[in-house]
Amino acid sequence: MAMTVTLKVWRQAGPAAPGRLETYTATNVHPDMSFLEMLDVVNEDLIRAGQDPIAFDSDCREGICGSCGLVINGIPHGPDAGATTCQVHMRRFRNGDTITIEPFRARAFPVLKDLVVDRGAFDRIIAAGGYVSMNVGGAPDANAVPIPKDVADRAMDNAQCIGCGACVAVCKNAAAHLFTSAKIAHLGLLPQGEAERGRRVVQMVEQMDAEGFGSCSNEGECEAVCPKQISIASIARMNRDYLKAALGK
Amino acid sequence: MRLQQASASSIGSKILVALTGLALFVFLIGHLAGNLLFLAGPEAFNQYAHALIGNPLVYVAEVGLLSVFLLHVAKTVAGVLANRSARPTAYATRRWAKAKNPRSRKSLASTTMIVTGVFTALFVATHLATFKFGTVYEAAGIRDLYRLQLEIFSAPGYVVFYLVAMGVILFHLWHGLSSAAQSLGVDHPQWTPRLLVLGRVLSVAIAGGFFLIPIYTFLLSRGVL
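Just so you know, the sequences run in chain order A and B. Numbering-wise (the working numbering), the first sequence opens with residue 472 and increments by one. Numbering-wise (the working numbering), the second sequence opens with residue 1328 and increments by one.
For the record, the hints were derived by calculation from the structure and aren't laboratory data. Please read all numbers here as calculations on a predicted model, not as lab measurements. All C-beta atoms in this analysis are idealised placements derived from N, C-alpha and C, irrespective of residue type, glycine included. Errors might be hidden in some of the hints.
[As the list claims (entries may be wrong)] Across the chosen pairs, the derived CB separations fall in these ranges:
(1) A:496 - B:1416: 20 to 28 Å
(2) B:1494 - A:566: 44 to 52 Å
(3) B:1405 - A:526: 31 to 39 Å
(4) A:511 - B:1405: 41 to 49 Å
(5) B:1531 - A:605: 50 to 58 Å
(6) B:1412 - A:486: 17 to 25 Å
Work out the full structure, taking the sequences as your base and the hints as a guide.
Here it is, written out as structure tokens:
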């Protein structure tokens, strides 16, 4: 049952170093291994051979933390819809396949090493306005602020964003509109976030542009790779919020 | 936030592209309606053209239209350049995410907007040179554009060129119309899918109308009609 696959992996020693695709052969790959477990095994072999292991990000390995993110055969997070890289399994590939693995590519996501990129730009977008300002005291009664179920659901759909950056990686313009709009919708839909809605969109969009992300061509490739399947309806909502803020309303 | 600052941002720029694009589409509808008067014969067509040219307000409209056109071009070209610099290192392997999830709206039309846009801009320049600044014939004391159009579209090369150009504009609108709606924040769970279809239907309808004119004129010039 063991598979053998050929890997073409982006290797880059550091942020300023030149990188290139290196070819590796992964043997004894079990179809039930996750994609990252397959890389773990390749790395164990590399370490045993005294070579530098392939650097890649991962943490929870259950699709909820947003750490992992590889471009597998030209698609961020690989072949499965609504899944992160860590949720891809080797049974999705065939014995003898050649698999190309690249880091997320964007000027705003510089490569740190091999397949690891710096996604600090997302943190700075959040810091620019992705919050609700209020003095916290004792927890209020849960039913003190009535929120209709459909509104709570839409806020929750957007709150699912794990900030992985696949939307940026797939976008032909390396735009961060889906990420930014998900945060804006998640907060703005709820009464607690409504008060800062105008200020929030202006500040977050300004930071998004300053980070060097591109603009939105409304193709929706981001929605197709988003592991949480967040809709570009959120981008339309962000555009509306922005238009209102620009017109001073 | 000042409007100037807003219009320079990524979202503000796209809102301007959407507004100017929709304005140009509205112009196209008017232009097609006027052109279809060709079917009503030389008198109606020439008198309509004379009424347009003879009105001093036409200059105001022309300056407005040119400004809208130039703003659309400037914002999109600047956008393409900025977007290219947003990804300095290209992927070695690239596939459309649509392959794994059909929710993507990416199409050949959406990936070639700048190509079809540049072609359209060049076409508009030759179109103006051919008609607006073309040979001036006179009939009954007013410009005889009917004769000019009959003369130009009697050449099969011109007919083919115009059909190709209208095909390119169809392609541009195929993505452009619904994209403009999205940029302006128009979205609704039930209506957005219908809007996407409407954008394509309208692009076929407007191009279909424009396809008709060179073909009709060619057949007329050859005595077939």
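Okay, the hints, checked on the actual structure:
1. A:496 - B:1416: 20 to 28 Å: holds (26 Å)
2. B:1494 - A:566: 44 to 52 Å: At roughly 46 Å between Cβ atoms, residue 566 of chain A and residue 1494 of chain B fall inside 44 to 52 Å, so the hint holds.
3. B:1405 - A:526: 31 to 39 Å: Holds, at about 37 Å.
4. A:511 - B:1405: 41 to 49 Å: With a Cβ separation near 45 Å, residue 511 of chain A and residue 1405 of chain B satisfy 41 to 49 Å, so the hint holds.
5. B:1531 - A:605: 50 to 58 Å: With a Cβ separation near 52 Å, residue 1531 of chain B and residue 605 of chain A satisfy 50 to 58 Å, so the hint holds.
6. B:1412 - A:486: 17 to 25 Å: holds (18 Å)
Checked against the numbered hints above, the structure violates none of them.
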